[in-house]
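Undergrad: All chains should be modelled from the sequences, with the hints used to inform the complete structure.
Read top to bottom, the protein sequences are chains A and B. Going by this note's numbering, the first sequence opens with residue 1, and the numbers climb by one from there. Going by this note's numbering, the second sequence opens with residue 1, and the numbers climb by one from there.
Any given hint could turn out to be false.
[Claimed, not checked] Far from chain B, some chain A residues (derived; all Cβ distances over 12 angstroms):
| hint | residue |
| --- | --- |
| 1 | R21 |
| 2 | R92 |
| 3 | E104 |
| 4 | V112 |
| 5 | A114 |
| 6 | L130 |
| 7 | Y145 |
| 8 | R173 |
| 9 | M219 |
| 10 | E239 |
| 11 | R240 |
| 12 | A337 |
| 13 | D345 |
| 14 | D360 |
| 15 | A363 |
[What the hints assert, rightly or not] Pair ranges (Cβ atoms, derived):
| hint | chain 1 | residue 1 | chain 2 | residue 2 | range |
| --- | --- | --- | --- | --- | --- |
| 16 | B | T285 | A | M163 | 30 to 38 angstroms |
| 17 | B | P122 | A | A363 | 46 to 54 angstroms |
| 18 | A | S102 | B | M124 | 38 to 46 angstroms |
For the record, the hints were derived by calculation from the structure and aren't laboratory data. Using N, Cα and C, we set each Cβ at its ideal position, and we do this for glycine too.
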Amino acid sequence: MTQLTGTAQPPATGTPLLEARALTKHFPVHGAGHGAAGTGRRRLRGTRRLSRGGPDGGAVVHAVESVSLTLAEAQITAVVGESGSGKSTLARLLARLIRPTSGELLVNGSPVRATRRGGQSYARLVQLVLQDPFSSLNPVHDVRYHLARPLQVHGLREAGTSMDDAINALLERVALTPPSQYLHKYPHELSGGQRQRVAIARALAVQPRVLLADEPVSMLDVSIRLGVLNLLGDLRERERLAILYITHDIASARYLADTIMVMYAGQVVESGPAEAVTDRPEHPYTQLLLSAAPDPEHAGPSGRPALGGRGSPPSLVTPPTGCRFHPRCPHAMVICADAAPPGFDVADDHQSACWLHATDLDAVQAAPIAGQQTSQAIDQAPRMGEETR
Amino acid sequence: MSAEAGRSGLLTGQPLLEVSGLCVDYGVGPGTVHAVVGADLVLHHGEVLGLAGESGSGKSTLAYAITRLLRAPGMIIGGSVAYRPRPGSTVDLLAADEGALRVLRWSQISVVLQSAMNALNPVMSIGTQLTDVLHAHNPSMSKAERRARAASLLDMVGISDDRLGSYPHELSGGMRQRVMIAMALALEPQVVIMDEPTTALDVVTQREILEELMDLRERLGFAVLFITHDLSLLLEIADSIAVMYAGRLVERAAAAALFRAPRHPYTLGLLSSFPALHGPRQRLTGIPGSPPDLRQLPGGCVFHPRCPYVMARCRTDAPPLLRPAGAGDRELTESRSAACWLQDGSSAVPPELAKPAPGGVSPAATSAVAAPVARSQS
Chain A
1 MTQLTGTAQP PATGTPLLEA RALTKHFPVH GAGHGAAGTG RRRLRGTRRL SRGGPDGGAV
61 VHAVESVSLT LAEAQITAVV GESGSGKSTL ARLLARLIRP TSGELLVNGS PVRATRRGGQ
121 SYARLVQLVL QDPFSSLNPV HDVRYHLARP LQVHGLREAG TSMDDAINAL LERVALTPPS
181 QYLHKYPHEL SGGQRQRVAI ARALAVQPRV LLADEPVSML DVSIRLGVLN LLGDLRERER
241 LAILYITHDI ASARYLADTI MVMYAGQVVE SGPAEAVTDR PEHPYTQLLL SAAPDPEHAG
301 PSGRPALGGR GSPPSLVTPP TGCRFHPRCP HAMVICADAA PPGFDVADDH QSACWLHATD
361 LDAVQAAPIA GQQTSQAIDQ APRMGEETR
Chain B
1 MSAEAGRSGL LTGQPLLEVS GLCVDYGVGP GTVHAVVGAD LVLHHGEVLG LAGESGSGKS
61 TLAYAITRLL RAPGMIIGGS VAYRPRPGST VDLLAADEGA LRVLRWSQIS VVLQSAMNAL
121 NPVMSIGTQL TDVLHAHNPS MSKAERRARA ASLLDMVGIS DDRLGSYPHE LSGGMRQRVM
181 IAMALALEPQ VVIMDEPTTA LDVVTQREIL EELMDLRERL GFAVLFITHD LSLLLEIADS
241 IAVMYAGRLV ERAAAAALFR APRHPYTLGL LSSFPALHGP RQRLTGIPGS PPDLRQLPGG
301 CVFHPRCPYV MARCRTDAPP LLRPAGAGDR ELTESRSAAC WLQDGSSAVP PELAKPAPGG
361 VSPAATSAVA APVARSQS
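TA: Listed below in structure tokens is the structure:
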């Protein structure tokens, strides 16, 4: 039987720093008719044992399913997907803010242990930058406080250097110059782009090797997004950071990243070199995403390609059998509803988890699913977790 | 009726909504924020006019001022808004009293807000909310007629009518936004103002809704004022585009002309802030600096601290919104203008701000020129 483990792994050219093997996260569902997140998150803490796949057999949200990836030195890996595709859950798993249901994390090739001291040393290696700099900074503290805290907590200030020198150096690394102008500013006195730079500086304070950036520019104004994206690119060049860039914007992923992984309904459906994935998308979902993305080159009714599929992502409490994309897929075949596709190599370092790439399907397996094209019915169904947006 | 008016208006290019010199302030005294300064806009029958700008640029304030939905401390302090539903009939929206506005709103000019979850009442079914507006504006309709009309409205935006009894939380984000669009179209308005209608949605849902919206516009002939921060989206759907910066309109042009031949440095900067989906990957620069604080605007041209082409004059004098001096014959027929001293004819214009503009404003011309020209900058 086909297993999804090993689906679409991105290439690793530099030294692998952080590796995830078959990470899976299932969130328990509390009560009928309630969303999985929001109120659920609080209760989750008390029910950790359940969330680790207890034998109680309760309903779970299949948020992340067997995702493997490697973050290598001086490489930017982009994770692209719609809301609810599990990309933020993946970031939280990689930051060890939540425990995986199964799967493991490896740092420099050795498994990460779940001890308290291990947590702190892990945080020195892997840092997370959140989407919303308006809420990830504490409004009652100034910039200096935000940057001094990680240095104090981790005892990182070198002998002979003052705290202010260390903080000034951090601000210069994120191009907030002159530092004296920002040191005593409060978050509300900074623009969105400046706030996000402070959040990045805070993550850089512990000299991490891996930076996880969860939608770092989606809350920012268009004209300043490029500045933050270019900063991430510079950090990769200058400090040889491994960066995971999570986004819903495939154009920005193409711009910034070396490797793109496309996630759909908790699974990686395609991964490969950034330009290969956007210029020659192999998976029907990637093709759908690209056909929907705004593109001025296609202005006017004649230029725009037809949308490659309709509808919304499925419920992750009861995900579709087989390939999770098959209810929306314009190419769906009989086998797609029966078995989850493995990752097929379609080019160098380029994988796509789709049965269309299989060469040995028989006529029954390859027959189209009857009535598939009208996806109207799928769109009518409300889906889980919609309110969490 | 609106369909007929819309189609004929589109062909003749009759102005439907004319905004001139509109100024909106928040607050009074020394702390006043000038949110919109001297805005001039024309929305024609059946046209999709895009209003692009970053947060705080005044684009939503402008929309609320046009519809007189502005709340204190926002105040309209100057200008005029003329609504011309038919040739020879003009309504001054800024002078209209509450009674007149109540008749006009929704039936003639309707609004789709960004956050459908906040705009829909969470404790009423969408059927009740749809029939409520019909009841308020059309008291003579029977209950059964209202119900049937609500069902057909839902059907129009691709939602089956058995959803009439659903509450907003039972619908997906895309469906809620479709309900908002159905409600806005319930009374067949001539003008639909859309304030970031798809911003909170996923890209596939956004594309579906935009395609439906454009189909509905073809069928019903209403004009759209589409407000968004996403210029790349506007370039696809709008007939013409106005770009706002710090409360001022800085450029107006047909969509294709704005994309191929921007005349204002801010527009050029915005266009090179969107990474392309095709072609070689190149480092983009975006726009240096941040949008200004409206309480402490720079003197002269408000964009000058971020402008790579800044001249001495820009620091002292604010440029008016004028037709670019170098405009060719083709452009003279367009309503194209830019607020930049580079374009007043007194100095040499950098080549990237003086590219020849493609065809005219009609949708047909836009689509004809869209394909062959290579992406020239960014």
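Undergrad: So, for every hint listed, does it hold in this structure?
TA: Consistency of the hints with the structure:
no. : hint                                : in the structure
1   : R21                                 : holds, 29 angstroms
2   : R92                                 : holds, 20 angstroms
3   : E104                                : holds, 31 angstroms
4   : V112                                : holds, 33 angstroms
5   : A114                                : holds, 35 angstroms
6   : L130                                : holds, 18 angstroms
7   : Y145                                : holds, 22 angstroms
8   : R173                                : holds, 18 angstroms
9   : M219                                : violated, 10 angstroms
10  : E239                                : holds, 18 angstroms
11  : R240                                : holds, 19 angstroms
12  : A337                                : holds, 21 angstroms
13  : D345                                : holds, 24 angstroms
14  : D360                                : holds, 32 angstroms
15  : A363                                : holds, 32 angstroms
16  : T285/B - M163/A: 30 to 38 angstroms : holds, 34 angstroms
17  : P122/B - A363/A: 46 to 54 angstroms : holds, 51 angstroms
18  : S102/A - M124/B: 38 to 46 angstroms : holds, 44 angstroms
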